[in-house]
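With the hints as extra help, turn the sequences into a complete structure.
There are 2 protein chains.
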Amino acid sequence: MTINIDQANQKVIDAFMDARPMVTGVAPARDVIPGMHDNLLLHAGPPATWENMSGPVRGAMIGALLFEGRAKSAEEAEEMLSSGKFEFAPCHHYDSTGPMAGVMSPSMLVYIVENTTTGYKAFSGLNEGRGKVLRMGAYSEEVINRMQWLNDVLGPAVDAALKEMGGLDIRTLLAKALHMGDDGHNRLDAASLLYTNLLAPYITKTAKDADTASEIIKFLGENALSVLNPVMAGCKTMTQAGHNVEGSTIVTVMARNGTDIGIRVSGLGDQWFTAPAPVVDALYFPGFTEKDASRDIGDSTITETAGIGGFAMASAPALVTFIGGTPRDAINTTLDMYEITFGEHKHFSIPFLDFRGTPTGVDIRKVVEKNMPPRVNTGVAHKDPGVGQVGAGVVSVPMSVFEDALVAFAEKYGI
Amino acid sequence: MTINIDQANQKVIDAFMDARPMVTGVAPARDVIPGMHDNLLLHAGPPATWENMSGPVRGAMIGALLFEGRAKSAEEAEEMLSSGKFEFAPCHHYDSTGPMAGVMSPSMLVYIVENTTTGYKAFSGLNEGRGKVLRMGAYSEEVINRMQWLNDVLGPAVDAALKEMGGLDIRTLLAKALHMGDDGHNRLDAASLLYTNLLAPYITKTAKDADTASEIIKFLGENALSVLNPVMAGCKTMTQAGHNVEGSTIVTVMARNGTDIGIRVSGLGDQWFTAPAPVVDALYFPGFTEKDASRDIGDSTITETAGIGGFAMASAPALVTFIGGTPRDAINTTLDMYEITFGEHKHFSIPFLDFRGTPTGVDIRKVVEKNMPPRVNTGVAHKDPGVGQVGAGVVSVPMSVFEDALVAFAEKYGI
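As you go down the protein sequences, you meet chains D and R in turn.
For what it's worth, the working numbering labels the leading residue of the first sequence as 1, then goes sequentially.
For what it's worth, the working numbering labels the leading residue of the second sequence as 1, then goes sequentially.
Possibly wrong hints are sitting among the right ones.
The list treats identical chains as interchangeable, and a pair is accepted whether it falls inside one copy or across any two copies.
[To be verified] No farther apart than 25 Å at their CA atoms in a straight line, the calculated lysine-lysine pairs in the DSS-like style are these: (1) 85 to 72; (2) 383 to 176; (3) 85 to 218; (4) 85 to 132; (5) 218 to 163; (6) 291 to 11; (7) 176 to 218; (8) 205 to 218; (9) 412 to 132; (10) 121 to 346; (11) 208 to 72; (12) 121 to 370; (13) 11 to 121; (14) 412 to 176; (15) 218 to 208; (16) 383 to 121; (17) 176 to 121; (18) 176 to 85; (19) 346 to 132; (20) 163 to 205.
Source of the hints: derived by calculation from the structure; they are not laboratory data.
So, in structure tokens, the structure goes:
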């Protein structure tokens, strides 16, 4: 078989960049995610079993059953979850992406994000804010009540607002935010402000009264990660647009579940290449240390896969106050990522590098050749179920997944 | 007389930095500005007469009389203005600051910004957005109607919101915005988003209905200069806190009126040192050139006087898309300003310079010794009344005003 890898890769990153994700609405997962059913629970990262599932994912699964009203207590939920009654699957198998534990259950509201270039739709839940939250494995009453409020109050008003405004353009929002000190993953302060500002004039009219509108706008505006989930679903539509291109060595999925980390490669279909998830080099919140940390977790690495996040750190020097390091480290991370990517983004640029496009499209050939793994920004969850976030930092994807993928590529294409 | 200039200067910049400006409300100028009266019209910069008044200031004065209902036509307004019936005075003589033409008339609503450290209050009008606006010298029906809407609809709702929230902290807002790609003067994209986000949850409740709330939030959120006026009044409270310190060589006012540019120095009381206003090195809007430009104009240089704006350009590399130049020029401008300032700000920092404090407190000794004038970011108005903005750019304050001030300083203090 004759293949032109560079041509295939160019096609892939063109598809990434031509994707135009629009957030079009919010709906229950069971109504919009193809294949979702009552006993299906989605989680971040590559496949996991109840037995090898990390603490935060277990915690979020427990919380999901409490939220769904399927269990009355954490004990009952655990029993049901270990009984074999439920099917567990990666979000990525269902056109979805979930931050941290990434657990999505049938009744949860999800954002619908459509790549208007192709019509493909991706999904992601509603963001709960920072701290003690389901996605970090917490499931206390406070956590479940907030989830209910998101489902009953915030979600429907945001859905109606999105419909009234005719959808919200995620690519334009990200392009602006990268000029306002965001990396597009771990720092979304500007993007969340932009998001709230675009929604607020509509929420005043779609919320049931002025007090409710006020409460929703305040929640969105004070949560610096409000827009993380639609951003992730937006990035999923970008990378999916470049998936399954014959002969391409570009990574289209990188995801972790606190146990394993896995990647998928455009020219290698739906095969996962996995390794144990690494420990994050993090700045810990007061009272926590590396001993408390879950291993690397979450689908939010879809942002780096699409060319932002850790790859755009040179846009976000103030992020180092949250994850550690210096502004120089932030610039160097971006410069390093140019070494292992196929192209430079035509819509996302970095002012301080003279508006150079962000490094886009991780090429497994370059990663192996340069022996330089992708670096990603991430939050860190507590390793035990029920606790929550303990820090944030930077982590490198293990080299072995790229080596394994390159071997599989060579075998498949006979080179 | 024995004076310790460094000690005096330290006292001045400490006062700048310890000021804590809060936006507390909005009210008609005549009700809150001490000394405001029916026949008083304020303008930007040092003193001006009708005869030597620049086009944009004339245009805004005409607009003000139309807005006040004192004149029925531009012709009638011009006649009244040249009749000697009205008193013209710099905003700075009335604890006020106005962007560009800076015209403030008795019925216009103004922001009240209080330095809670000292109780001093400064004032500034409501921002109209970009383009064809009164502050650029335009006075068409569209301009006057917008001013009316600001006075009748937006202003009262914002006033009630500010009161309900207990005031809004301008220093904290600016500190955040400098970490989000703003310079605090010509680029206030992030600051205006922050401002709108803080106000929106209250405006939903203080506007007369949901549609009005929606309209106000949209206007504030889409105007990247929404917060410029309260920022300027905030900076005025900072620099005023350091004014009139015996023996200090720190500049406490820099302002232009399209004819002249003037400065005041802390240790030299209320004397203006003036020179003809320079022409701005600008990026012009399509269809305009330097031939259309008014000379440098506006009180917004109060931001540079306080240690942000052009002095913090290293925080705002994306600003070069609006004013010309490269990100390297932006960094160099900030680095140069350290050469002529007395200290570094303890609340305003620049991520890319390893969170170094912004250069704060222009020292006339250093300006003269280094032969390096302060550089400021600014908008450019059309030179004729009635047109509006034609560009934006960077300009240096003429050296002669610092030389004159230094001579006066030496004379006063006998050195």
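Comparing the hints with the structure gives:
1. 85 to 72: within (17 Å within a copy, 80 Å between copies)
2. 383 to 176: Neither. Shortest intra-copy (35 Å) and inter-copy (32 Å) distances fail the 25 Å Cα cut-off.
3. 85 to 218: Classified as neither; 40 Å inside a copy, 49 Å across copies.
4. 85 to 132: This pair counts as neither: shortest intra-copy Cα distance 28 Å, inter-copy 66 Å.
5. 218 to 163: both (21 Å within a copy, 17 Å between copies)
6. 291 to 11: neither (44 Å within a copy, 48 Å between copies)
7. 176 to 218: Intra 22 Å, inter 18 Å, cutoff 25 Å: intra and inter.
8. 205 to 218: both (15 Å within a copy, 12 Å between copies)
9. 412 to 132: neither (45 Å within a copy, 63 Å between copies)
10. 121 to 346: This pair counts as within: shortest intra-copy Cα distance 22 Å, inter-copy 47 Å.
11. 208 to 72: neither (30 Å within a copy, 45 Å between copies)
12. 121 to 370: neither (35 Å within a copy, 60 Å between copies)
13. 11 to 121: within (20 Å within a copy, 60 Å between copies)
14. 412 to 176: Close neither inside one copy (41 Å) nor across copies (51 Å); limit 25 Å.
15. 218 to 208: both (15 Å within a copy, 19 Å between copies)
16. 383 to 121: Neither. Shortest intra-copy (32 Å) and inter-copy (52 Å) distances fail the 25 Å Cα cut-off.
17. 176 to 121: within (23 Å within a copy, 35 Å between copies)
18. 176 to 85: neither (45 Å within a copy, 49 Å between copies)
19. 346 to 132: Intra 37 Å, inter 33 Å, cutoff 25 Å: neither.
20. 163 to 205: both (12 Å within a copy, 23 Å between copies)
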